[in-house]
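Student: Model the full assembly from the supplied sequences, consistent with the hints where possible.
Chain order of the listed sequences is A, B and C. Counting along the first sequence from 1, when you hit position 1 you're at 1 in my numbering, and nothing is skipped either side. So my numbering is basically just the index in the second sequence, starting at one, shifted up by 1000. So my numbering is basically just the index in the third sequence, starting at one, shifted up by 2000.
In silico lysine to aspartate or glutamate, EDC-like type, Cα no more than 16 angstroms apart, as pairs:
| id | chain 1 | residue 1 | chain 2 | residue 2 |
| --- | --- | --- | --- | --- |
| 1 | B | 1084 | C | 2378 |
| 2 | B | 1084 | C | 2375 |
| 3 | A | 21 | C | 2180 |
| 4 | B | 1417 | A | 49 |
| 5 | C | 2182 | A | 52 |
| 6 | B | 1057 | B | 1077 |
| 7 | B | 1835 | B | 1761 |
| 8 | A | 17 | C | 2180 |
| 9 | C | 2410 | C | 2371 |
| 10 | B | 1816 | B | 1792 |
| 11 | A | 17 | C | 2115 |
| 12 | B | 1209 | B | 1266 |
| 13 | C | 2189 | B | 1040 |
| 14 | B | 1417 | B | 1820 |
| 15 | B | 1010 | B | 1021 |
| 16 | C | 2326 | A | 92 |
| 17 | B | 1173 | C | 2336 |
| 18 | C | 2045 | C | 2219 |
| 19 | A | 17 | C | 2147 |
| 20 | C | 2358 | B | 1125 |
| 21 | B | 1417 | A | 52 |
| 22 | C | 2246 | C | 2319 |
| 23 | B | 1207 | B | 1135 |
| 24 | C | 2358 | C | 2323 |
| 25 | A | 15 | C | 2180 |
| 26 | B | 1057 | C | 2378 |
Per label pair, the in silico range of CB-to-CB distance:
| id | chain 1 | residue 1 | chain 2 | residue 2 | range |
| --- | --- | --- | --- | --- | --- |
| 27 | C | 2189 | A | 52 | 26 to 32 angstroms |
| 28 | C | 2039 | A | 52 | 39 to 45 angstroms |
| 29 | B | 1054 | C | 2191 | 17 to 23 angstroms |
| 30 | C | 2146 | B | 1798 | 46 to 52 angstroms |
Facing chain C, from chain A, some residues (calculated, C-beta under 7 angstroms):
| id | residue |
| --- | --- |
| 31 | 20 |
| 32 | 23 |
| 33 | 60 |
| 34 | 64 |
| 35 | 85 |
| 36 | 121 |
| 37 | 127 |
| 38 | 136 |
Calculated directly from the structure, the hints in this document are not laboratory data. All C-beta atoms in this analysis are idealised placements derived from N, C-alpha and C, irrespective of residue type, glycine included.
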Amino acid sequence: MNKTDGLIRDIRAIKEKYQSKRAALLPALYLAQREFGWLSPEALEFVAEALDVPKASIKGTATFYAMFKNKPVGRHLIQLCTNVACMIMGAERLVDLLRDKYGIEPNGTSADGRFSLVIMECIGACDTAPAMLINEDFYDNLNKENIIDILENYK
Amino acid sequence: MITVTINGKKITLEKQVTVLEAARSAGIKIPTLCHHETLEAFGGCRLCLVEIEKIPKLQTSCTIYITDGMVVHSETERVVNARKAMLEFLLINHPLDCPYCDKAGECDLQDLAAKYGPTTGRFAEGKRTHPESYDDPVIVRNMERCISCTRCVRMCDKVQGASAISMVNRTSKTFVEPFSGKRYDCEYCGNCLSVCPVGAIMSRMYKHKYRPWYIDKNINTICSYCGVGCSVTAQVKGDSLVRVVPEMGKGLNKGLLCVRGRFGYDYVNSSARLKTPLIRRNGELQQVTWSEAFKYAADRLRDIKERYGSEAIAGIAGGRCANEDIYIFQKFIRGVLGSNNIDSIANFSYAPAQRFFERIFGQGVTANSIQGISNSDGIFVVGGDPTSINPILGLQIRAAYQQGIPVITVGDTPGLKRFATCMLKPNPFTETALLVSLLSELKVKKQFLGGNSSFERLINNISALSMKEVEDICGLPTDNIASAVNMLSNMTNPSIVIGKDILQRTDGHINLLLLSAIMYLINGRVYLLSEFPNEQGLVDMGCLPDMLPGGRPIEIESFKKRYEEIVGLNISSTHGLSLSGIIENAYTGKIKAIQIIGENVLSNIPDSNYVGKAFSNLELLIVQDSLMTETAGLAHVVLPSLSWLERKGSYTNLERRMQFMGKAVEGDGLEDWRIISEISKMLSFDMGYKGLEDILSEIARVSPLHKDITYNDISGDECIWPYKGEPLRHGVSLEGMDVPDIGSLLKKPAKDRVYAVFDKELFHPDSLSRKSAAISSISPEPCSRVNRALADRLSVSEGDYLNISTDAGSIEMAVKIDEDIPENVVMIPNNFEGKGIFNIMQWKLNPVLKCPVLDGNEVKLKKAEARS
Amino acid sequence: MKRALLRNIDNTNSADINEYIKISGYASLLKALEMKPSDVIDEVKTSGLRGRGGAGFPTATKWAFASMDPKFPKYLICNADEGEPGTFKDRPILEKNPHQLIEGMIISAYALSAEYGYIYLRGEYPNACNILNNAIKQAYGKGYLGDNISGKGVRFHLHVHQGAGAYICGEETALIDSLEGKRGQPRIKPPFPVNEGFLSRPTIVNNVETFANIPYIMEIGGEQYAKIGSPQCPGPKLFSVSGHVKTPGVYELPMGTTLREIIYTHCGGIKDDKKLKAVIPGGISTPILPADKIDCPMDFVSMPRYGSMLGSGAVMVFDESTDLVKVCLRAIKFFEHESCGKCTPCREGVGWMRAILKRICDYNGRETDIEHLLEVSENISGNTFCPLGDGAATVVQNFIKHFRGEFESKIKI
Ligand SMILES: Cc1cc2nc3c(=O)[nH]c(=O)nc-3n(C[C@H](O)[C@H](O)[C@H](O)COP(=O)(O)O)c2cc1C
Ligand code: SF4
Ligand code: FES
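Tutor: What follows is the structure, given as structure tokens:
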């Protein structure tokens, strides 16, 4: 089976939920992002075709949202919140730590392609700040020690 | 009635409009950047802020609607300060490169900054940077200058319907981009650049060549590409053309243009322009003086007329010539040379279709306003893609669709793919069966309105074909047809848009009858797509073998007499040869001399081989043209005529609207009418015109339709059919209209063969645009289209070349994959020299319409050898 | 007070439909289905419920507009975008009590004759997404969703729609554009969503917490509900408390509970018993309050009198050691990052404020910078398309208003 056959099927299933093809765009972009790793031009064209929405306009949508990746990312995506609550609880020190230990710049990828780091706005975990998502897994109450232990589970 | 007070001025309006519109209607200027009259409101730039009493916050006048008793102030200190602040914000990321920017002098931002002027920029940090993009052949993007007003994107999405560009990113990193980030992949209408208020999207054609204040003259004229007749303005510095632009809100196009109108004007300066008369000597075309050329042409014409008689002479007129030229031309051929053998390509489908509809429904039945399309309650498109043949008319269909009006298409209409409610794509050349079945179903669903009982009787006599029967022939599922029938039967005021393709068929005449019947049943309004700017003019000026100016049949003695009296020449009352007849008779040697004005016959009709042979049999071929064409290449006498922009005149568009063409620059050559008058003088008939006025006043006397017409009328806003004249009122005549034999339609096309289908291209509708460097840079070579399955079978992929051959010849062409065409079809355009579909077609004519037919051309395909 | 919105959350299985039914879940729905739709709206009207998304608009009024519009279908949208920094009050409902939200939506859909519903869930809550999807599946299984709800011929279909990281999509018209697959930018109003919303149809957008209140109103009756908390805006309210308090978290308290009570009684006071410096009471866009203003009752009507707003009820507490200029800069960076780019003052002005704040923070500030900052903020204020840009201006203005000294000390060094 072609790798994108499943994707087509999933997108078709999503379309059922809406009375407009275009409304299925955000979910379809999520699926394509998972399948292609990022929203490459091929991925966008794929979605454009599947939903019959003009591709330039899909690009406009895809580049609007922070969680859509418009460039390739590492194997694991660290999404670390540094908004006020996390900041006053020490999130900035964690950013420094990631830079020192793994050589990842905010919005960059480590040289070995293992991690990409995205600085997030509030992710709704202010009571247990600082917090982050790695891919789709959620971690909070972070500090300089436990963040390393957590990251080491992602190879 | 709503009364508002703006800056102390009371304004009373009938409709609830925005504060901005109310202010503008009273001549009060409120600055705007994101607002544009052709686009829906956006409210983003915040420049149009005004103070409204009883509302605490300033309001954007472009989005807020007036209410009775509202009191508005648009120039208070508070408002002016806010405006200044908005301008200061906009300049944060705007490069202050006005000395370098082409927009300087016509930039809204520059003008506003000059008026409200934030003083010095207080923003100290670095500006956003973004290199200027020259990735596109005709458009430059400078996104540092973009102010995110989104006018271009709204234009592209909502009006043009191309959706080729979009705003990308958010925050101050927002800018405009086509999908590729580099080149545009679109219809290149360039409407985005005409709405950009700053220098962010511009044309490359006049990049760094001028400043607006250098322009000496603005000349209004009409685009020379198609039968819509869009208004454009030619801007001139000294004696050279700087650029051609539309003027927002003006003309029937309201400032919109298509790629041809916007970028295609540079053919005027093409290196293929003819500069001096040429005469063939020893097989070679050699430069001669005008008087030599006139004398030569006149002597040869006289000689042939004496030796073979008038019937051996014929004239072919072109659809880009002005009314004045073609009027004189038919007068010359008819009166001076004594032959009614005069015709044009208009008679291959446009004219017969019009005549057919007029016979049943009366003269003027096709004179409908293009704007009216979006006011109808349904649209039926058949026989061609309006968005590529008559693009600005096509926009009306897209607009209608976006308002929820159902659009039904028959055949290949790629430009309406996202704008059609129901697309019927029958197997190639089986439209007739489909039309019969649509008619059969509609007959059941709709009642006759009455009023034309003989036509009703005729319709009733057409035997039925059920959807089930045609399902197989046309390859269309019955529910697809049924939904079209449903939509059609619910329409009360539909537009029926008809392209040539449906007529240029072996059964084209039957299709015409069926379309008339459908139109009658659903009370439709007909639009005939027209490929040339003055195709209607050819009909109206009498460039037909059997019609005099004003659509008067030549055999009616009173018309003929009136003509002879005013013109001062006697003419024959027998019908002349039609265009196909002229060519056939040249082929067989009965026609000895042909004079052509402004038509590249060799390239523009199928098959080119046959036409070429016919022309080489001639003793005399006179070609008047502004460009060196394939046809001129065969001529004995070539006479350079002035091109569009170099001469005045009038055009009549497909709505039958007459419009005035202005003269912007001088050129080499003479107007066609002047060339003809000179030859005529040498043949001892001095036409004696001093200028266009004389010609028009003669037209106004000869053609009852154009009675009393003057250039004042033509340059006014609306000069529409029947002008001030008298249409020909005649009874309905169904004489000679036969009930078609339906049985013969029950043929299925063979599945295992591949047929050539004529692809009407947007960029190159015929052979003119290839002389435009700009359009050629967008579309440099012809491309054929096949679907994926066929491509796979042939092992070709996009960019490879196909070898396409028939018994008539073979061509090689790059190939594009297009999923939307049937597997047994190859779409082939006809726009480049020696590489068009007409090069491989056989001369076959429709038995009734006498036009070449384009159906059933079986081709053999193979991958072409690797090309360097 | 007995918890009404988070009553079940100590149960580890609280997201399961059977657990919810055990505490009489979906009983309110069955009760509502026996009533006339208009009576349901009346009940909500009696309750005095105001929207919990931030603006505090009376819920029944919005519903009445939508139900008067004759166009169909109508759409019901739950705003679960929860993007306002400091806000995480909807999360416990979404993750631990999803059925109360779903039940609330079904009742609302019935009242409004809406046939389709979407929960617009922020992309940053992937767990909540799974939980909600599962809960919806269970509700379909029990016949509470579908074409014939509880055999009453009522039709309502509900789906989760994930956002993708854009704060502005919490604004209801931007949310609708986003749901339509477009760039999430606010729309011109009017037309309002209640008349022309999703796919140009009447659309009702309410916050998660607003919907979660509906089953409770049905259960105890509008009249009873109206007696809870502040008279002008009654009911239970969720407060998400973060920053320098001993026990941060989500607290369900009656509307009108004072900030002092929230911080000192419920959250155990300031961490490490430091001194309180300032509080942002309702999410980052609401004006910051200095320590001496914390006796304000937290409700929509009282807060403006104290110079702030209830907003989403997201209380952010700062102790004496906090560098508020840095907090201000971080807040403005947030607004800059989230500006949708539609209107000039927000798109360009907020970045300008960030640039000035950055210089001040870096001790490169100029003498005129504070005035300059205020001037820029005033030029933004009131001139933006939507409240986001205003929010940014408010932040700067109020930080300077109450803590000017801190800014000055960084400049004068
Ligand atoms: C910039 C901005 C962000 C918003 N974010 C949210 C949000 O995250 N969640 C929410 O429920 N409402 C948010 N709102 C309020 C919504 O626009 C809307 O008023 C609310 O969803 C209505 O629901 P309610 O009446 O139940 O409060 C936001 C408004 C603005 C202007
Ligand atoms: S204030 Fe303007 S730019 Fe900012 S989010 Fe609202 S509309 Fe967008
Ligand atoms: S013109 Fe009104 S906001 Fe731009």
